[in-house]
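Protein chains: 2
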Amino acid sequence: MSPINLAIVGVGKIVRDQHLPSIAKNADFKLVATASRHGTVEGINSYTTIEAMLDAEPSIDAVSLCMPPQYRYEAAYKALAAGKHVFLEKPPGATLSEVADLEALAAKQGASLFASWHSRYAPGVEAAKAFLGSTTIKSVHVIWKEDVRHWHPNQDWIWQAGGLGVFDPGINALSIVTHILPRLFITGAVLEFPENRDAPIAADIHFRDADGLPVHAEFDWRQTGKQSWDIVAETAAGQMVLAEGGAKLSIDGTLTFAEPEQEYPSLYRRFAEIVKAGTSDVDLAPLRHVADAFMLGKRKFVEAFHD
Amino acid sequence: MSPINLAIVGVGKIVRDQHLPSIAKNADFKLVATASRHGTVEGINSYTTIEAMLDAEPSIDAVSLCMPPQYRYEAAYKALAAGKHVFLEKPPGATLSEVADLEALAAKQGASLFASWHSRYAPGVEAAKAFLGSTTIKSVHVIWKEDVRHWHPNQDWIWQAGGLGVFDPGINALSIVTHILPRLFITGAVLEFPENRDAPIAADIHFRDADGLPVHAEFDWRQTGKQSWDIVAETAAGQMVLAEGGAKLSIDGTLTFAEPEQEYPSLYRRFAEIVKAGTSDVDLAPLRHVADAFMLGKRKFVEAFHD
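Heads up: the protein sequence lines correspond to chains P and D, in order. The numbering of the first sequence is our numbering, which starts it at 56 and goes up by one. The numbering of the second sequence is our numbering, which starts it at 56 and goes up by one.
Don't read these hints as lab results, they were simulated from the structure. A portion of the hints provided could be inaccurate.
You can't tell identical chains apart in this list, so a pair holds if it fits in one copy or across any two.
What the hints assert, rightly or not - Each computed BS3-like pair below joins lysine-lysine, with the alpha-carbon atoms no more than 25 Å apart:
#, residue 1, residue 2
1, 80, 193
2, 193, 133
3, 68, 80
4, 80, 353
5, 184, 163
6, 200, 80
7, 281, 331
8, 184, 80
9, 85, 353
10, 145, 80
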């Protein structure tokens with residue numbers, strides 16, 4: 056089978072850091088074009104709009120959309136309408152309803168739509184899921200605390216309404232949690248908004264499942280020093296710690312699983328798999344929890360944030 | 056076929072005004088019990104909790120849940136787990152995720168779950184849908200403005216986080232809009248919160264569909280004098296006005312449809328239909344738009360509200 060001719064839309068930091076190296080190592084894909092207002096990739100045909108790119112490069116089979124979520128629907132719609140397969144960076148859109156619309160369009164067009172959740176492919180996630188399925192869980196504590204000035208310097212879009220604020224990293228935690236504990240729902244939340252911003256800088260969320268399992272998540276963007284991306288479960292078989300964003304799994308104090316991180320290579324393997332199978336992979340549960348948190352949560356105002 | 060033995064949980068204003076008269080006129084149902092902290096129905100066995108009611112009245116086939124949405128999941132779960140059919144007042148829950156969980160439980164139990172949207176059964180809605188499907192729509196304007204002091208006097212739950220504020224009536228408009236224009240998504244919203252409340256008193260929302268159709272919705276709870284529950288569409292065949300919450304339909308200035316309101320009788324006919332057919336009817340689109348509005352919307356603070 057000849058490789059899938061791929062184009063990237065929105066060439067920024069995540070594309071250089073993750074997408075390009077993963078595509079280069081995957082024989083199923085050949086990068087043939089990019090579209091971006093400013094960014095380009097050396098040696099690859101570049102355009103400033105997706106329309107110009109799709110017009111000029113009929114050989115494109117699939118596109119990866121990596122621009123901010125507020126602008127993703129329009130590009131995804133154009134690509135699907137042209138019969139292209141679509142890889143959506145996380146989060147898959149600015150609203151649940153627009154992604155549901157894209158899913159219907161993909162089905163109609165016979166194209167594959169992939170709503171990617173990179174943290175689900177962290178090395179320890181499947182082992183954590185298997186462990187939790189083998190025991191009785193008493194409680195779960197999710198701690199996702201990082202320094203926004205370090206990870207998102209001067210990224211204004213992330214602070215705008217629809218940019219999700221601290222849920223931009225928090226949705227990574229939720230993409231793991233919804234995979235290992237699929238039947239949760241939120242019972243209460245407090246969202247902290249800097250008084251000069253339209254998106255929250257911190258969130259404290261309580262979930263439960265049908266059996267009453269308590270799950271408490273703390274997302275905070277004001278963490279300096281040690282960063283925390285941990286999921287801790289108290290179980291009948293001891294304490295489970297899925298640490299460093301899913302990279303390391305410890306059970307009862309013993310490190311049981313630690314492998315090199317391969318998240319984006321895994322995403323592209325999955326994308327190739329659904330393109331070949333003619334299916335889509337769109338799980339909206341992580342974004343649905345974010346929407347539920349905004350709908351159900353109390354708003355609290357905290358001091359202004361300046362980059 | 057013998058009637059469906061029905062119980063009501065949460066006996067308040069909407070039950071007395073709408074549910075009881077509708078049930079009394081429908082031979083498919085027989086009211087056999089109620090559960091409510093304070094309310095009772097004369098001549099009907101009453102309990103203060105759903106657990107006590109389900110224990111004492113094994114003949115119950117179905118329950119209508121009419122308490123505030125923040126408390127609905129727990130009762131729905133218990134009823135479905137006991138194999139009962141469930142009618143959910145609108146909105147069907149406090150979060151999208153909990154309703155998705157109930158839907159899965161109903162399927163597993165072979166019970167019928169009905170997420171009811173009473174405004175969809177307003178007399179002019181189907182005629183409006185048929186008219187819009189027969190022409191080209193240029194724009195749509197939704198105006199839902201009422202006096203909260205008149206319609207929801209001293210209802211504290213409606214102002215709490217999760218109580219939805221002005222979206223409590225607004226979701227009625229959205230339940231009609233999503234029925235007559237099914238493929239919309241929100242592109243921007245401003246939510247106005249009284250500085251002393253956790254739920255919005257007004258919302259200004261812009262939607263579009265895949266073809267770019269602009270839809271503008273204004274929800275406001277500060278309207279005194281004439282109340283507005285209108286959907287106005289500019290079309291190639293003239294202006295369509297679906298007025299008074301769906302009761303009256305005018306096209307190009309001519310009243311074409313006006314029948315007596317039969318919303319709750321229609322809901323109970325639909326509930327009987329899905330119970331007999333062994334199916335469920337759970338459309339989350341109206342609540343999904345509300346969650347999207349909270350997630351995407353800008354927050355604006357306005358003067359305090361006192362009942």
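Report task. Return the numbers of the hints above that this structure violates; sort them in rising order. Result -> Hints 1, 4, 6, 7, 8 and 9 contradicted; others consistent.
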